[in-house]
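> Single-letter residue listing:
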Amino acid sequence: MSSATESVTAAPTPPRGVRRLRRPQRVRNLELLLLVAACGLNIFAIVLVQLGTLRTLNPQVFILGTGISVLVFGVHTAMRFLARDADPFLLPIATLLNGLGIAMIYRIDLANHETGWQSAALRQVAWSTIATACAVVTIIALRNHRVLFRYTYLAGFTAIVLLLLPLVPGLGREVSGARVWIGFGSFATFQPGEIAKIALAVFFAGYLVTNRDSLSMVGRRVLGMRFPRARDLGPLLVVWAFSMSVIVFQRDLGTALLFFGLFLVTLYIATGRLSWVLCGLLLFIAGALVASQTLDYVHNRFENWLDPFNPARAQGASYQLVQGLFGLAHGGFVGTGWGLGRPDITPVSQSDYIVASLGEELGLTGVFAILALYILFVSRGLRIGFAGHDDFGKLLGVGLSFVVALQVFIVVGGVTRVIPLTGLTTPFLAAGGSSLVANWIVVALLLRLSDTIRKRPRLVIGG
Amino acid sequence: MTRELRRVTLLIFAMFAALLVSTTTIQYAQAGNLAADSRNVRTLYESYSTQRGPILVKGTPIASSVPSADNYKYLRSYADGPMYSAVTGFYPVNGEPTGLEYSMNAELSGTSSGQFFDRLKRLVTGQVPVGASVETTIDPVAQKAAWDALGSYTGSVIVTEPATGRIVAMVSKPGYDPNILAVHEGNKVDASYRALTSDPGSPLINRAISGNLNPPGSVFKLVVASAALESGRYTGDSELPNPGALTLPGTTAVVHNSDDGTCGSGATATIATALRLSCNIPFAELGMELGGGAIRAQAEKYGFNSTFTIPMTTAASVYPRVLDVPQTGLSAFGQGNDRVTPIQMAIVSSTIANGGMVMVPSVVESVTAPDLTPISGFNPATRGRAISEKTATALTRMMVDNVRDGAASNARIEGVAVAGKTGTAENGTTDPYTLWFTGFAPADNPRYAITVLVENGGGLGQTGYGNLVAAPIAKKVLEAVLKK
Chain L
4 MSSATESVTA
14 APTPPRGVRR
24 LRRPQRVRNL
34 ELLLLVAACG
44 LNIFAIVLVQ
54 LGTLRTLNPQ
64 VFILGTGISV
74 LVFGVHTAMR
84 FLARDADPFL
94 LPIATLLNGL
104 GIAMIYRIDL
114 ANHETGWQSA
124 ALRQVAWSTI
134 ATACAVVTII
144 ALRNHRVLFR
154 YTYLAGFTAI
164 VLLLLPLVPG
174 LGREVSGARV
184 WIGFGSFATF
194 QPGEIAKIAL
204 AVFFAGYLVT
214 NRDSLSMVGR
224 RVLGMRFPRA
234 RDLGPLLVVW
244 AFSMSVIVFQ
254 RDLGTALLFF
264 GLFLVTLYIA
274 TGRLSWVLCG
284 LLLFIAGALV
294 ASQTLDYVHN
304 RFENWLDPFN
314 PARAQGASYQ
324 LVQGLFGLAH
334 GGFVGTGWGL
344 GRPDITPVSQ
354 SDYIVASLGE
364 ELGLTGVFAI
374 LALYILFVSR
384 GLRIGFAGHD
394 DFGKLLGVGL
404 SFVVALQVFI
414 VVGGVTRVIP
424 LTGLTTPFLA
434 AGGSSLVANW
444 IVVALLLRLS
454 DTIRKRPRLV
464 IGG
Chain H
62 MTRELRRVTL
72 LIFAMFAALL
82 VSTTTIQYAQ
92 AGNLAADSRN
102 VRTLYESYST
112 QRGPILVKGT
122 PIASSVPSAD
132 NYKYLRSYAD
142 GPMYSAVTGF
152 YPVNGEPTGL
162 EYSMNAELSG
172 TSSGQFFDRL
182 KRLVTGQVPV
192 GASVETTIDP
202 VAQKAAWDAL
212 GSYTGSVIVT
222 EPATGRIVAM
232 VSKPGYDPNI
242 LAVHEGNKVD
252 ASYRALTSDP
262 GSPLINRAIS
272 GNLNPPGSVF
282 KLVVASAALE
292 SGRYTGDSEL
302 PNPGALTLPG
312 TTAVVHNSDD
322 GTCGSGATAT
332 IATALRLSCN
342 IPFAELGMEL
352 GGGAIRAQAE
362 KYGFNSTFTI
372 PMTTAASVYP
382 RVLDVPQTGL
392 SAFGQGNDRV
402 TPIQMAIVSS
412 TIANGGMVMV
422 PSVVESVTAP
432 DLTPISGFNP
442 ATRGRAISEK
452 TATALTRMMV
462 DNVRDGAASN
472 ARIEGVAVAG
482 KTGTAENGTT
492 DPYTLWFTGF
502 APADNPRYAI
512 TVLVENGGGL
522 GQTGYGNLVA
532 APIAKKVLEA
542 VLKK
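Residue numbers (my numbering), protein chains in the order written: chain L, 4 to 466; chain H, 62 to 545.
Looking at chain L on its own, in the form it has when it is part of the complex:
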């Protein structure tokens, strides 16, 4: 453990001149190439949407198609100076997913005849601007991820505050039963839970790196299992339990599941105690079962999941689920093509159900491609865990990647009936500002982490 704390405090930077001589920016050039391809695909998607729905092209192609391209090339340029050894795949994948999302959101706007600021696509482009700007700011401001380690407790506190915000009278907004939004006036709404997931990842990583030895070594054995002392587990449990209860209070099951999963995985990686994880899982399953029997809204979700086609529900409670399944089936193997399906029939086809929309128009092949992009994205993040040198960075990298993976699983699994449907946004794809900002910050953090890892070996050689 001591090594981790040491490396946090002492982070030597290699002499600049040496690095420049040793390696031209091959990684960044690869990234540039992939970015051009991703932007090309995005513009192509918008063009196809217009041809499919309008049967003609109009100038919106330029706003929607090139808007995000300009921004990500900005991020790319910033990285040439600030994180030249960062992973070359993360940015193009995020760009492609973000762009595909905008294309699908735009496509559903067209079906609903939304224009101007009513157009979710235009708002999504605006949010993408803000999100990528946040990413650049993160990369600039955070020259070394180990800085975050200092703010472990602040991060935990921030997460709690963010989660409490929607409960503040006048600020919180309730959307379809879940009170997880904050809004100013009627325009901007924001889901602070999305940002909270980053804060929690930082907190869990930081706390566990510091305390994992005392957590796993000290304590008393009960029934053959060693349980940690309350004072070691306490802060962790407090933050976690508080987040969970707030979320349960806000009726946001998806986020609850997400945070719980993040908690268990970081705990497991830090301590290696599988028995705790199993314990936690059992507790969660028991809790979920109890909730499904006692809480109406949880009960309904379970019923919808198990029997969505029940005539009593198909036109009511499980309408969305059933329509999403119909949409996916309608897309079949190759999909209807951009603009040629009817994804707009499904409620919230732009946000929670964007995967079903994409599945309808791009088919099973399209869904596989999108899932492959996520797998690639997540595996790049996991590399940080394997190749990293400091435990905090490893835990943070894996935690952030796992959050993305789990979020995809919860959303897509909910849409495709692997698990009960809960409201969460699909990272990068779904319409929604907070989700975009949060996920682009995740990209920035992963980029920063990967940059640090790649720099290290050369230090050894150079040094």
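Please keep in mind that the hints were generated in silico from the structure rather than gathered at the bench. Misleading hints may appear alongside valid ones.
[As the list claims (entries may be wrong)] Away from chain H, derived, C-beta distances all over 10 Å, residues of chain L:
1) Leu35
2) Ala136
3) Asn214
4) Tyr300
5) Gln318
6) Ala320
7) Phe371
8) Ser382
[Stated by the list, open to error] Coverage of chain L stretches by chain H, computed from C-beta distances (three or more under 8 Å per stretch; other residues unrestricted):
9) 324-338
10) 393-402
Just so you know, even glycine gets a beta-carbon here, dropped at the ideal spot from N, CA and C.
Use these hints to put chain H onto chain L, whose structure you have.
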């Protein structure tokens, strides 16, 4: 830490594997079931957004899809709707289509296997899919003549080409306007549908091929005569006892001829005479001599007790499977439990006209892809031989006599030898008769076979008879089609 990381990596891959499996299940394995779910409006919208192919009569659409500005993109529209309703059926937004709209749905919607490469091409080129057009065998002149000749009667007229089985006219009355069932407002469709189903005339039933099957009465004598001649034990000149009344063995039921007299003046009547004068007693005797099994075998060679795909599925006409002797006697002149459709009687006379070969009737001439390449054409299909050529010739002669100076005299046409047989079937002691005519012309070189069904006694209760009501309708239609 690495071991834990590896396990978490595996977990993540397992999560994604679950998603790959679930999406494959939905989008590939279960896609068909989900598409077939009646609540799946996408399937419905898609079936409309594909421009459904037209149904054509000699190149003129009787059903076509015209662009509409709503969710469905196309509205199905029918020309001369009521007249062609027995052919087209209807295509509702909220229920099953009927008629050709149902039977040729795959072709009309462009999803038939024959259109696979066309679909593939359109998928690749991004063209909007279009269904194939279905050309019918209907002749507009024959259809109009049949529709007009049937007047206000409840019933049906079918005209076929004996040599090929082409149906050139198929009319069922009362008809209905399919347009009112093709509108896109589900509630309006429901209201129209309810009105039509509660209509006492049951206009939605295609009487030509289904509906409440009617007893055939004397037209069934053609089948019994066929069985007799085919047995080799009888000819047209075979004689049968000729009493004025016949008590069926073991019962008190008494059979009379239609005029309550004997069949001609002699002590015996030939089969030819009995058919010409449509006498019941000799046929009851003949039937009992032949036995129910022989009659059933003959009837089934004509297609009784089985369905035809024309491509609509017809109701099977019934010759009962189990009969005792008195029931056989009744069945031999088309009473008892005999039940037939007009299409079945059309097959009987077409077969006689065609020298004994049963041609499968069809209303579809050809299917043509939107780019005018043929997908399928007309291939006359035979169901095998029902009677020998000799029997067919003998029966034709008897049917010609029947029209020339017998019970079907009202079907006579100047200068044309018409072969025919009338029927006046009882439905119950006081119920109106069912009136029939079936025949063909010209007798020496049959071009058209016609079958006329008039239900409810043609409004005459028990005073109407086949020659009075049905034969003149056949005459009018035959005149119209032969004049061309």
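> What hint numbers does the structure not satisfy?
5, 7 and 8
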